[in-house]
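Listed below, chain by chain, are the residues.
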Amino acid sequence: MRSTLQRDEMSLAEPTRLAVTTSAPPRLNVLQRFGSGFKASLPAWLLLLPSLVFLALFTYGAMGRVFVDALYARSTPKAPLRFVGLDNINAVLADPAFAGAVINNLIYAVGTAIPSIALALVFALALSRTNAVTSALRAALFMPVLIPMVAASALFLFIFLPNVGLLDHYIGRLLPVLPNWLGDPDIALSAIMVITIWKNAGYYMLFFLAGLQAVPEDVTEAAHLDGAGPWQRFRHIILPELKPTFLFVIVIATLNAVTQVDHVFVMTKGGPSNATNLVLFYVYQQAVEHYDIGKASAATLLTLAALMALTALSFRSLANREGGP
Amino acid sequence: MLFSRRLMLGLTMAGALAFPALAGEGPSEIDLFFPVPVDGKLARDMGTMIREFNETHPGIKATAVYTGSYDETLIKTRAAIKAGKPPAAVIMSANFLLDMQIENELTNLDALIAADGTTKAQFLGQFFPALHGNAVINRSVYGVPFHNSTPLLYINAEHAKEAGLDPDKPPQTWAEVTDWAKKLTKRDGDKVTRWGIAIPCAYDYCGWMMETLTMSNGGRYYNEEFGGEVFYDTPSMLGALTWWSDLIAKHKVHAPGATPGPAVSTSFISGNASMMMLSTGSLTYVRDNAKFPYKVAFIPRNVRNAVPIGGASLIIPAGLEADKQKAAWTLIKWMTSPEKSGWWSRATGYFAPNMAAYKTPEMVEFLAKNPDAKTAVDQLEVAKPWFATYKTVPVRKTLEDEVMLVLNGKKQPKDALVAAQKAADELLRPYNAETALKLP
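First to last, the protein sequences are chains A and B. Residue numbering for the first sequence follows the working numbering, beginning at 62 and increasing consecutively. Residue numbering for the second sequence follows the working numbering, beginning at 17 and increasing consecutively.
These aren't lab readings, by the way, just hints derived from the structure by calculation. None of the values given here were measured: they were computed from a predicted structure. Hints are supplied without guarantee of correctness; some may be wrong.
[What the hints assert, rightly or not] In silico DSS-like pairs for lysine-lysine, Cα to Cα no more than 25 Å straight-line: (1) 77(B) <-> 266(B); (2) 427(B) <-> 438(B); (3) 136(B) <-> 349(B); (4) 139(A) <-> 198(B); (5) 349(B) <-> 198(B); (6) 427(B) <-> 136(B); (7) 427(B) <-> 139(A); (8) 430(B) <-> 266(B); (9) 139(A) <-> 454(B).
[To be verified] Far from chain B by the CB rule (all over 12 Å, computed), these chain A residues: (10) 151; (11) 194; (12) 219; (13) 231.
No residue lacks a Cβ here, since even glycine has one placed at the ideal position from N, Cα and C.
Let the sequences and hints guide you as you build the complete structure.
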């Protein structure tokens with residue numbers, strides 16, 4: 062099971078995800094092997110060296126810099142930078158815009174993870190047998206994953222155009238008042254969420270397809286012979302077997318909810334009235350619009366801490382479930 | 017992640033810039049960062065222009081570097097400055113100049129002007145007076161106007177005739193616009209099938225439209241002489257926002273909610289909105305795409321005719337070597353000369369900031385063929401600077417967030433403006449503490 066998962070992860074993850082999703086399991090291995098003597102682990106170190114160099118340069122180096130930047134601020138525009146300790150973090154926590162972004166992000170994470178995972182599971186169950194038709198359908202459902210988020214956002218920008226867009230063209234006749242999909246603070250976040258679900262469901266489907274391959278056939282057959290119906294087989298055999306897959310996909314979905322804001326950037330810039338402002342976009346605003354690197358770094362640190370805690374927790378439960386290596 | 021990726025890009029670019037500098041001998045190599053705010057064709061036009069410059073100036077090798085939108089151009093310029101290898105010249109959104117000057121990121125151009133043997137008055141005298149405000153900070157020149165715009169009222173002439181209105185006598189006051197919009201709106205029971213007017217509101221455009229409406233209501237958006245004050249909670253802005261909100265809620269001739277610029281122009285082109293207020297920068301797009309006769313007119317007034325300018329200026333970042341600075345200055349003067357200014361204007365739809373451009377034979381001929389391009393230039397008579405304060409973008413956003421709530425019927429105009437003023441004052445406080453409130 063573990064090896065299947067890892068293979069999938071390696072071959073399918075996009076570069077941005079790769080750094081986050083694959084860094085944890087190898088690191089666990091490294092830490093554990095370290096105890097049994099450095100000499101034995103030397104080949105491992107050598108093998109990891111190239112990627113460690115790049116991780117150090119572009120991931121941990123940048124994180125270290127963010128950590129330092131978060132501790133400095135200027136009191137007035139022309140004043141020199143000075144050490145302020147936790148002031149930046151306090152300022153971020155006290156900022157209602159940050160609180161708003163966190164709440165939006167929670168709604169966004171739950172509202173995109175649950176529907177896209179549910180859809181992915183349904184797709185995978187429906188297409189678990191391989192033949193010409195299901196292969197074609199799998200490819201069709203996987204299509205949105207191949208479209209870059211920025212391009213997809215530009216497409217949806219047209220679909221959501223008020224009055225003249227594709228969506229209003231078709232459902233306009235049915236509604237008494239046409240909604241301003243991206244211009245109404247009550248609807249905009251949901252509109253953004255629809256795109257994420259559309260885009261990610263096909264991706265998560267692949268993990269469930271892989272997970273379903275690992276469900277032991279003899280157990281299913283035995284249950285079948287014992288007279289268990291499709292629902293019972295699903296509830297008592299398939300679902301428990303898919304538990305590690307669920308854990309893994311939930312982590313990926315949550316990471317996506319925090320690290321992918323391309324559509325917010327293209328479609329709404331966090332508006333209207335901050336209704337679609339997510340945490341990462343808030344960081345961007347602080348860094349670029351406010352030109353306040355200290356506050357941007359502080360917000361990044363808070364986000365990183367939350368993400369790392371979440372990742373550690375889920376990989377630990379994953380390892381527990383498998384009883385360790 | 018997004019930010020750090022962008023920063024990395026900036027750093028990589030800055031790194032790439034470092035190597036030509038090592039070459040030493042040969043022509044001085046300079047980079048021009050340029051954004052493409054309207055559509056992709058501009059990038060090709062810019063290539064043509066820079067090639068011509070290099071052919072006529074053998075001592076300089078300029079390279080045009082496309083840097084995305086106005087905002088992204090600011091990010092990349094700042095990243096390059098931080099990396100110690102700034103580009104030699106940048107086409108920068110005209111209202112970012114003050115912010116950059118406060119952060120010590122701009123070269124004061126006074127010395128370069130003096131070295132040419134001209135005075136500041138003579139140099140600025142080439143450009144329309146309305147553009148001086150965004151180029152001069154504390155009496156020093158920091159930018160050279162490159163392409164500029166003003167908002168216009170676009171009218172679907174076909175719809176106007178149908179409704180018994182004369183498109184050759186466009187509405188001049190808010191009362192007339194309201195009346196026109198009512199006559200142009202088509203209803204099917206309670207449902208509106210065609211809107212009388214559309215005014216864009218998305219971050220950036222919304223603030224510009226609020227400045228437009230406030231100015232034509234007799235008011236000011238900000239203190240043009242000092243970057244620490246905005247005038248949100250004022251009668252003139254209250255009137256402006258209330259009228260906009262009335263068009264939606266009371267007269268029901270404007271679609272509810274916040275509609276971004278491209279959605280407004282699409283709505284107009286497709287005949288779903290009969291009038292719109294939009295930048296002159298969209299004129300070429302409307303001219304190429306509208307399948308019906310249209311008219312452009314001045315932004316109507318409630319108290320007086322007045323509009324803000326928009327567009328971009330050429331700047332030289334701080335921290336350049338002297339020879340690059342000189343080469344950049346040569347490039348800037350060439351790009352803003354009457355001939356080039358006029359050529360760029362005809363290619364893009366922006367107006368040419370250099371007044372002499374309108375005396376060149378090509379421009380006279382072009383305006384004879386496209387009289388609508390002249391309206392923007394005529395309106396310059398009543399134009400004033402674009403708002404620019406300390407932290408322009410966040411200060412603008414405080415107003416835009418509140419305006420969006422009003423347009424969605426979630427807040428009353430007065431409450432919205434009080435909240436916006438409070439938030440803006442808070443953002444401006446550190447700057448004021450260092451300037452107007454720093455007392456002996």
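Hints, verified against the model:
no., hint, result
1, 77(B) <-> 266(B), "violated, 59 Å"
2, 427(B) <-> 438(B), "holds, 16 Å"
3, 136(B) <-> 349(B), "holds, 14 Å"
4, 139(A) <-> 198(B), "violated, 52 Å"
5, 349(B) <-> 198(B), "violated, 48 Å"
6, 427(B) <-> 136(B), "violated, 47 Å"
7, 427(B) <-> 139(A), "violated, 37 Å"
8, 430(B) <-> 266(B), "holds, 16 Å"
9, 139(A) <-> 454(B), "holds, 13 Å"
10, 151, "holds, 16 Å"
11, 194, "holds, 39 Å"
12, 219, "violated, 8 Å"
13, 231, "holds, 15 Å"
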